[in-house]
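> Below are the chains, spelled out letter by letter.
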Amino acid sequence: MTMNNQGRPTSIENASNSNRSGYPSYTGSRGLSQVEGLIYEIGDTHRTGVDLPEVEEFESRLGGMERSGEIGLAGLTEPEAMRHYTRLSRKNYAIDLGLYPLGSCTMKHNPRLNEKVVRLPGLSDIHPLQPISTTQGALDLIDTLAHWLKTLTGMPAVAMSPKAGAHGELCGLMTIRAALEAKGDARSIVLAPESAHGTNPATAALCGYTVKPIPATKDGRVDLEAMKEALGPDVAAIMVTNPNTCGLFEREIIEIADAVHEVGGYFYCDGANFNAIVGKVRPGDLGIDAMHINLHKTFSTPHGGGGPGAGPVVLSEALAPYAPIPYVVAGDEEFDLVEHDTSGKSFGRMTAFHGQMGMFVRALAYMMSHGADGLAKVAEDSVLNANYILASLKDVMSASFNGPCMHEALFDDRFLKDTGVSTLDFSKAMIDEGYHPMTMYFPLVVHGAMLIEPTESESKLSVDQFIGMMRHLVAAAKAGEKDRFSGAPYNAPLRRLDETAAARNPVLRWTKSEQ
Amino acid sequence: MRYLPLSSDDRAEMLAKIGVKDIDDLFIDVPNHALLKGLVDLPLHMTEMEVEQNFAAFADRNISAGSVPFFVGAGAYRHHVPAAVDYQIQRGEFLTAYTPYQPEISQGTLQALFEFQTQVAQITGMDVANASMYDGSTACGEAALMARRITRKNKAIVSGNLHPQYIDVVKSATKYTEDVVVVSETTVNKAENLLELVDDDTNCVIVQYPDFFGNITDYSALADALHEQNKLLVVVTTEIVALGAIKSPGEMGADIVVGEGQSIGNGLNYGGPYVGLFATKQKYVRQLPGRLCGQTTDAEGKRGFVLTLSTREQHIRREKATSNICTNAGLCTLAFTIHMTLLGEAGYRKLAKINHAAAVKLASKLSKVKGVQLLNDTFFNEFTVRLNKNAADVVEALVEKDIIAGLPVSRLYPDNKDLANDLLIAVTETTSEDDMDILVGELSEVLK
Chain A
3 MTMNNQGRPT SIENASNSNR SGYPSYTGSR GLSQVEGLIY EIGDTHRTGV
53 DLPEVEEFES RLGGMERSGE IGLAGLTEPE AMRHYTRLSR KNYAIDLGLY
103 PLGSCTMKHN PRLNEKVVRL PGLSDIHPLQ PISTTQGALD LIDTLAHWLK
153 TLTGMPAVAM SPKAGAHGEL CGLMTIRAAL EAKGDARSIV LAPESAHGTN
203 PATAALCGYT VKPIPATKDG RVDLEAMKEA LGPDVAAIMV TNPNTCGLFE
253 REIIEIADAV HEVGGYFYCD GANFNAIVGK VRPGDLGIDA MHINLHKTFS
303 TPHGGGGPGA GPVVLSEALA PYAPIPYVVA GDEEFDLVEH DTSGKSFGRM
353 TAFHGQMGMF VRALAYMMSH GADGLAKVAE DSVLNANYIL ASLKDVMSAS
403 FNGPCMHEAL FDDRFLKDTG VSTLDFSKAM IDEGYHPMTM YFPLVVHGAM
453 LIEPTESESK LSVDQFIGMM RHLVAAAKAG EKDRFSGAPY NAPLRRLDET
503 AAARNPVLRW TKSEQ
Chain E
85 MRYLPLSSDD RAEMLAKIGV KDIDDLFIDV PNHALLKGLV DLPLHMTEME
135 VEQNFAAFAD RNISAGSVPF FVGAGAYRHH VPAAVDYQIQ RGEFLTAYTP
185 YQPEISQGTL QALFEFQTQV AQITGMDVAN ASMYDGSTAC GEAALMARRI
235 TRKNKAIVSG NLHPQYIDVV KSATKYTEDV VVVSETTVNK AENLLELVDD
285 DTNCVIVQYP DFFGNITDYS ALADALHEQN KLLVVVTTEI VALGAIKSPG
335 EMGADIVVGE GQSIGNGLNY GGPYVGLFAT KQKYVRQLPG RLCGQTTDAE
385 GKRGFVLTLS TREQHIRREK ATSNICTNAG LCTLAFTIHM TLLGEAGYRK
435 LAKINHAAAV KLASKLSKVK GVQLLNDTFF NEFTVRLNKN AADVVEALVE
485 KDIIAGLPVS RLYPDNKDLA NDLLIAVTET TSEDDMDILV GELSEVLK
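Protein sequences, first through last, are from chains A and E. The first sequence maps to residues 3 to 517 in the working numbering. The second sequence maps to residues 85 to 532 in the working numbering.
These are computed hints drawn from the structure, not numbers from a lab. In this text the structure is predicted, and so the values were computed from the model without any measurement. Glycine is no exception: its CB is placed at the ideal position from the N, C-alpha and C atoms. Just to be clear, a hint being listed does not mean it is correct.
[Unchecked claim] Restricting the straight-line Cα-Cα distance to at most 27 Å, the calculated cross-link-like pairs of lysine-lysine (DSS-like) are:
id : chain 1 : residue 1 : chain 2 : residue 2
1  : E       : LYS365    : A       : LYS462
2  : A       : LYS514    : E       : LYS105
3  : E       : LYS454    : E       : LYS404
4  : E       : LYS454    : A       : LYS396
5  : A       : LYS185    : E       : LYS255
6  : A       : LYS462    : E       : LYS101
7  : E       : LYS501    : A       : LYS185
8  : A       : LYS220    : E       : LYS101
9  : A       : LYS214    : E       : LYS404
10 : E       : LYS259    : A       : LYS514
11 : E       : LYS445    : A       : LYS514
12 : E       : LYS121    : A       : LYS152
13 : E       : LYS404    : A       : LYS230
14 : A       : LYS347    : E       : LYS101
15 : A       : LYS347    : E       : LYS485
16 : A       : LYS214    : E       : LYS259
17 : E       : LYS501    : A       : LYS347
18 : E       : LYS365    : A       : LYS484
19 : E       : LYS105    : A       : LYS396
[Stated by the list, open to error] Okay, the calculated beta carbon distance ranges per label pair:
id : chain 1 : residue 1 : chain 2 : residue 2 : range
20 : A       : THR219    : E       : ALA141    : 49 to 55 Å
21 : E       : GLN313    : A       : THR88     : 31 to 37 Å
22 : E       : GLU384    : A       : SER13     : 29 to 35 Å
23 : A       : PRO11     : E       : THR514    : 34 to 40 Å
24 : A       : SER464    : E       : SER304    : 58 to 64 Å
25 : A       : ASN493    : E       : THR395    : 41 to 47 Å
26 : E       : ALA167    : A       : SER464    : 30 to 36 Å
27 : E       : GLU132    : A       : GLY489    : 43 to 49 Å
[As the list claims (entries may be wrong)] If you want the ones that stay clear, here's a sample from chain E, every Cβ over 10 Å from chain A, calculated:
id : residue
28 : ASP113
29 : ALA205
30 : SER256
31 : ASN314
32 : ILE409
33 : ASN412
34 : ILE488
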């Protein structure tokens, strides 16, 4: 090796003399922010990243149904594919990159241990329909997770198969309807607070129920009096999220339960926010009859850009017989899987096979890692972080309700009055500061909602930096720096996107002719 | 606690800032008797190594498919997934991202979804596809509901040769929606006359292709007949690799195509998570359930992608939404699209050919075994054989020989005595000729 004598150590002398912030690039890329085409633009139908053996001549048994003509699938070799998806990945915000304060979504750290154990061949490479005698460990695992869920919620039974929160809601309401029908009293109405997740009314409708909204009180809770007025012999159930979507604990939860039980209805609890009380409060002690648990929220299975999730539903003794198949039964010597209903009571089946095993493994690993002591700390730290944010921002932003809050802090847009900055603009400016925005415009019960959920995964330093950033943006908005907000984001891979045009003329796939 | 960054000092400082003394002062709204005074009755926290040991113990008590000659399919298939797929889906930027609600910082997920939607539309031969459902079975239930929305009729005719658990899911999905589901008779190897079940109230006919027993039927004529009466044809494919070899449902005239995408990019995982595919014709786009990704431009005119047509969805339309789905198959969708991109058209077609060739080979070997009768005239990578003994007993006997020989059909049809001796056998590119010969040899012994 010889030294490169022409090279000189980099000096910033010349660079710092330039007044420009940059030049438009030939490629459209900006340094590490690289433009990436579609697979259809960089690949073709002949290229492949998988070497497969040649096939000897054989007599087809397709019955003359051979596929002719080109499908049009673009292929890439492995180096091209790695570059494509790695470049795409870098256009995503992620928990691994920073605080992800999406209220109601619970973006907490995803432990990598869980990714490791879920890939053990004895857990990942087993078929749902291979003989039950060959999957005893898997059934034990499901039964163990069921035990943890029942213990943490104080409920006697759990249906494991629902595939996500909304699927769990559907499972819970169908169980309720089946139980009511068994008494010859199907009923027709489900009550849900105005602040409910959209999935609640959508689910109730799928169960054939009419949804009646219940207003909120001035302090962000279910209006008990209004609810009592709406109750009657035709009410099948009330669906209440607790802690609710304003990030508040329903103080009158016992009274709500008693009231709905008095008219012969059931109390369905939306457990989306169970992470705030896990290990501290058992929903079974609050008078609920059914509740789904989002394993991808409370128990940290990765959100994966939109899924998959898992939504087991804990059930009361009265509802348990109507739960869907399949379910695991622990015998004296071995585990059995009941795949057919012989009682005639089960309402049916939510999905093929037995549920989201890959999520069960991760969730149980998360639970075992934390233990009874760690899970209670999860709830406490998530609530502590949220209240700390509330306390640190309420002098400059408008807190919608008086604290304490639970795991998320709700603000509305009153503090932006007369600034010309909307909740949306404010959110987009957060992107320029290197943050994912909070949940905005939900819940619907306050104007221009900003729902901030830091989770227990954030250090004090991280939360303090977030608070500092928020205070800085509030000051900028109040100082009249409107352009900073209305034009934001400036520093993201793309500027603001035209969603209206996307919906007016939907282009939902690549087509050859268009290029 | 390795996952909790706050220290005791941090906590004390933060409580002081909030203005309370104790953490439980923040739980003041919880009814007093309901706030636990101690810990729940569960084990305490464990080290990473201890947790790992626990899971290794669970895993050790299962027989993994890759460790023995393995022939179970029936809606979930063991295929080889390239290493690059698992590496990519574990990148934190994909793994730990949420649903792409903020498009400016979610273009990675969004562009991958746009490519996924294109691939699914191409494979199924349809105009458009959504960004996924939970799995094939729930997609099937949603298809029945969508057919009702389109036709405003409330009866679905379901083939008796549709996967029995899919039939159960359709029945449950429509149980309380005033829909009627009529299931035709199961016929392992005879043509079904589905058209005779169609009446004025019918909205769609749902068929599986290849069907549960592995048969390949051309539904073109059925599609034509249904369209004459303004009814829809829903085609279900549980082994998506098959469409690399056989005519697409779109070419047959399907109106809605749903599928299980697990075969591409995703492992068996004991039944989930999988990835539901959902495709349809352009004219029915606004009746689609689930998320859709669409192309648009940003403020500087650059191409970008966003979630679109969300006025169909629960967070906007609430009780009038086309579905209650929110979280979908996200990361499994990404695994599917990466694997499909690595395959490309050439690889996908070749993979299908290898699967079919392997199945033909095993079927031919088994046909020579005394006591085995091949029931299929046509098949892709899965077929049904009738044995001279109870199939469940035979499978258990072969487990003793370290072979997982297939699915005794009776497990899913406990009440159909005619099927007690039927065994459903799946073969993929992961099945070696040695595996086949071991099965043939041991099966011959057991059937003697």
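> Now look at each hint and say whether the structure bears it out.
A quick look at each hint next to the structure:
1. E:LYS365 with A:LYS462: 52 Å, violated
2. A:LYS514 with E:LYS105: This hinted pair is violated, its Cα atoms lying about 65 Å apart.
3. E:LYS454 with E:LYS404: It is violated: about 58 Å lies between the C-alpha atoms, which goes past 27 Å.
4. E:LYS454 with A:LYS396: The given pair, whose Cα atoms are some 81 Å apart, is violated under the 27 Å limit.
5. A:LYS185 with E:LYS255: 21 Å, holds
6. A:LYS462 with E:LYS101: Roughly 12 Å between the alpha carbons, so the hint for LYS462 of chain A and LYS101 of chain E holds.
7. E:LYS501 with A:LYS185: The given pair, whose Cα atoms are some 34 Å apart, is violated under the 27 Å limit.
8. A:LYS220 with E:LYS101: With Cα atoms ~26 Å apart, LYS220 of chain A and LYS101 of chain E stay inside 27 Å; holds.
9. A:LYS214 with E:LYS404: Between LYS214 of chain A and LYS404 of chain E the Cα gap is close to 13 Å, so the pair holds against 27 Å.
10. E:LYS259 with A:LYS514: Violated - the C-alpha atoms of LYS514 of chain A and LYS259 of chain E are around 42 Å apart, more than 27 Å.
11. E:LYS445 with A:LYS514: 38 Å, violated
12. E:LYS121 with A:LYS152: Given that 27 Å is the threshold and the Cα spacing comes to 18 Å, the pair holds.
13. E:LYS404 with A:LYS230: 25 Å, holds
14. A:LYS347 with E:LYS101: Given that 27 Å is the threshold and the Cα spacing comes to 54 Å, the pair is violated.
15. A:LYS347 with E:LYS485: 39 Å, violated
16. A:LYS214 with E:LYS259: 22 Å, holds
17. E:LYS501 with A:LYS347: Distance ~24 Å between LYS501 of chain E and LYS347 of chain A Cα, so the pair holds.
18. E:LYS365 with A:LYS484: With a Cα-Cα distance of about 44 Å, the restraint between LYS365 of chain E and LYS484 of chain A is violated, given a limit of 27 Å.
19. E:LYS105 with A:LYS396: This hinted pair holds, its Cα atoms lying about 20 Å apart.
20. A:THR219 with E:ALA141: 49 to 55 Å: Between THR219 of chain A and ALA141 of chain E, where Cβ atoms are some 51 Å apart, the hint holds.
21. E:GLN313 with A:THR88: 31 to 37 Å: 51 Å, violated
22. E:GLU384 with A:SER13: 29 to 35 Å: 33 Å, holds
23. A:PRO11 with E:THR514: 34 to 40 Å: Once the Cβ atoms are compared, 55 Å apart, the range 34 to 40 Å for THR514 of chain E and PRO11 of chain A is violated.
24. A:SER464 with E:SER304: 58 to 64 Å: With Cβ atoms ~60 Å apart, the hint holds.
25. A:ASN493 with E:THR395: 41 to 47 Å: Violated, at about 30 Å.
26. E:ALA167 with A:SER464: 30 to 36 Å: 34 Å, holds
27. E:GLU132 with A:GLY489: 43 to 49 Å: Hint holds: Cβ distance 46 Å, inside 43 to 49 Å.
28. ASP113: 4 Å, violated
29. ALA205: 5 Å, violated
30. SER256: 3 Å, violated
31. ASN314: Answer for ASN314 of chain E: holds, closest chain A Cβ roughly 24 Å.
32. ILE409: About 6 Å separates ILE409 of chain E from the closest Cβ of chain A, which leaves it inside 10 Å; violated.
33. ASN412: Check fails; 4 Å does not lie beyond 10 Å.
34. ILE488: 5 Å, violated
The structure is inconsistent with the numbered hints 1, 2, 3, 4, 7, 10, 11, 14, 15, 18, 21, 23, 25, 28, 29, 30, 32, 33 and 34, although it conforms to all the rest.
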